[in-house]
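Residue numbers (the working numbering), protein chains in the order written: chain U, 1 to 403; chain Z, 1 to 471.
Misleading hints may appear alongside valid ones.
From chain U, some residues computed to sit far from chain Z (all C-beta separations above 12 angstroms) [unchecked claim]: (1) E91; (2) D98; (3) H102; (4) M161; (5) L180; (6) F188; (7) E244; (8) P263; (9) K305; (10) L322; (11) N358; (12) G381; (13) Q393.
Footprint (simulated), chain U over chain Z, 3 or more residues, beta carbon under 8 angstroms [unchecked claim]: (14) 193 to 200; (15) 232 to 241; (16) 344 to 354; (17) 373 to 384.
What the hints contain is simulated information worked out from the structure, not anything from laboratory work.
For each residue, glycine too, the CB sits at the ideal point set by N, CA and C.
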Amino acid sequence: MSAIIHGAGAATALTTFNSKKLVAPCRTNLPARSKRCIVVAGSDDASKSFGSSSVLSVRRPQKLIANAVATKTDTSATTGHELLLFEALQEGLEEEMDRDPHVCVMGEDVGHYGGSYKVTKGLADKFGDLRVLDTPICENAFTGMGIGAAMTGLRPVIEGMNMGFLLLAFNQISNNCGMLHYTSGGQFTIPVVIRGPGGVGRQLGAEHSQRLESYFQSIPGIQMVACSTPYNAKGLMKAAIRSENPVILFEHVLLYNLKEKIPDDDYICNLEEAEMVRPGEHITILTYSRMRYHVMQAAKTLVNKGYDPEVIDIRSLKPFDLYTIGNSVKKTHRVLIVEECMRTGGIGASLTAAINENFHDYLDAPVMCLSSQDVPTPYAGTLEEWTVVQPAQIVTAVEQLCQ
Amino acid sequence: MAIWFARSRNIVSSLRHNLNLSGILSKRDYSPRPAFTNSQLSSRSVFLDSITSLRHESTAVEKQHDLVQQSDEEDVQELDFPGGKLGYTSEMKFIPESSPKRVPCYRVLDEDGRIISDSDFIPVSEQLAVRMYEQMATLQVMDHIFYEAQRQGRISFFITTVGEEAVNIASAAALSPDDVVLPQYREPGVLLWRGFTLQEFANQCFGNKADHGKGRQMPVHYGSNRYNYFTVSSPIATQLPQAAGVGYSLKMEKKNACAVTFIGDGGTSEGDFHAGLNFAAVMEAPVVFICRNNGWAISTHISEQFRSDGIVVKGQAYGIRSIRVDGNDALAVYSAVRSAREMAVTEQRPVLIEAMTYRVGHHSTSDDSTKYRAADEIQYWKMSRNPVNRFKKWVEDNGWWSEEDESKLRSNARKQLLQAIQASEKWDKPPLTELFSDVYDVKTKNLEEQELGLRELVEKQPQDYPPGFHI
């Protein structure tokens, strides 16, 4: 656990670097899809880039960012506050519940227990037992309940104790949540947020290490986002609650204790935008959730070896932000996707197809996708480690692609 | 009216009382208004005798009182467990899987349309009764004509309500317009009652551009936010947990309304039935669950669906007040639903109603029920146990309806329906733009691209697309 956080700690400093530039203009949830260009802030100093060993041609002389992690240009040095990711989620949830009395929370043990990962801690005391509802154990039922409540005017936030348990709610999510707005001819809206921790944790066993984004990605009518830092966790939570569409917010079991300083003022993150984590020139690395930190760790190694990777946290899993991704591909001409999903039918598989279809002409090499193997996640620590993409693999893949 | 109403509430309490089951119900009894008449008690005294033989026959000696005893008896030593105190017994006794006598159903009208003496029921005015009958008859005509239209190939699919008109209309009449209805698919009568026109029904079946659902759902999957009728969704029983959610929402907003949801006998086997009832009970949500026990789930007879005494006995398992009602008796259904609704709203609790009825028609137009049941069984229920005829007799006996009214109503309805169908058939189907709208509130980039792609394709090769398939 500690290794991840150390890597994350370093990386989080970077995330504030560009994400603020991304988000600051869009204070409110824009109804129309914004085509605003995502600013890629790189320094423009024209100086020698890197050692002679590289074969890559640099299209534009640019000062290589020496660290994988840029120094934090802290624009809100005095006005931010530091907190952990689960606290950021809770803050976002609490602010939205204060703002709109229709927002309510339902799930198992979310009330006085505060939720299994403490995301709803303190909310039952503040808003009461009815608004922060402890439900009996039936995922299909409380998801259905949330849908019924949403169709009648509430804005429920449905928590799955673990994303894997939401497989039991698949019927309600697919046949009703995603569909009823469409099949009713627009008469009923379902502004629910379905959230919970997923992904491979530390020896939690196969049933608690599911990556449900693979299974849900086909369902028409829903949106899927994955948070990875306290900043985007709070922003995405708030945006998801305000959205009129059903949104599934994927959190990761291992990221709840990340610490970061976030702004004091009200902000949201656009649900359909990707986040530029580290701009670069040589290769585009697309990732999301926990793998972002493995990528950033690999990025440190890569920079020392003389590469300049561009790291994008795609954040929006459905629909993909092909605009940001496309701009990056057009710049670097090489793509590596790093995901935690399984090889077959994962987010990476869909993203590979989308990139190949749309940006084929811009690619100098085939799109490479690093994913987990098609195996249930084993319990044994060593086995589990081998089933998740590790930074060393990422470095090797980049070296291979950049030959 | 108030007296009748109070007495009708007591039906439940008297049934419970007489079945001696109050001991295992929740401690919070609702306050009964004692209004037992002698005739009521005497009619149930036969009942009481048979109830004492509730126990399992294989237990040799009856040394102790009923296992299901009132807990406030003297000298009962109690044990503390999570969930409260309970008494104990050293005699090993299993609760029988069924009681020797089934739960009786509540009925007010006999088969000849005459009110059974000393019935408890909420009286129905002439205006209401005539309207109820008219709607039941209209529903019959609607079923007949749409079914024929499907057979002629004009619509692709249809589900009739034949035999269940009383459940449909009488329950709708007992509700307020603010009550949110979550149907299964055999309850168009509720929508008809609330004001959905025959033209609107036809539009949905034809999926034309005037359809409120914009042509996106199969026929009979009606929906109307205007009339608080949630769009029908094909999977069975998914509406039950949603009803708990609606009840929860109404409870949060303290509205004077309840959620009303329908399910068939087959649907009660779904996990969502268990979950929906359990949740509604725990949340203390104002939901009325109406189960239409019509004997058949496509070809599965109820004897193959469950082994309990129908659905009414299941209510108690969740701590839900329940009643079994003769679903083909419009007056009984009206009283029961009306009482249940009041209970749900004023006491903030769910109520379960099992309406016994019979599915005279096929499951749908994709089914031929003569393949799995006897034709004379169907005929019997259609002719001798017809709920519409039964109610008609009562209305006629009151002098509120005549044969002339009958023929006028039926021919009018028929004419309107034929016109509606002809009009619906001619109208255009929804345009291409409606293929991609309403998936989200605003189209995403990939949907816009897909729409553009399809549009280009149609423009390039219009001859490959059906006529009238326009942009």
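Status of the hints after comparison with the structure:
1. E91: 23 angstroms, holds
2. D98: 16 angstroms, holds
3. H102: Its Cβ does come within 12 angstroms of chain Z, the nearest being 9 angstroms, so this is violated.
4. M161: 16 angstroms, holds
5. L180: 6 angstroms, violated
6. F188: 6 angstroms, violated
7. E244: Nearest chain Z Cβ is 4 angstroms from E244 of chain U, so the label is violated.
8. P263: 27 angstroms, holds
9. K305: Its Cβ never comes within 12 angstroms of chain Z, the nearest being 36 angstroms, so this holds.
10. L322: The claim breaks: L322 of chain U does not keep its Cβ more than 12 angstroms from every Cβ of chain Z (closest is about 7 angstroms).
11. N358: Label violated. Min Cβ-Cβ 9 angstroms, cutoff 12 angstroms.
12. G381: 36 angstroms, holds
13. Q393: Q393 of chain U is indeed farther than 12 angstroms from all Cβ atoms of chain Z, at 30 angstroms.
14. 193 to 200: violated (count 0)
15. 232 to 241: holds (count 7)
16. 344 to 354: Violated, because only 0 residues of the segment 344 to 354 of chain Z bring their Cβ atoms closer than 8 angstroms to Cβ atoms of chain U.
17. 373 to 384: violated (count 0)
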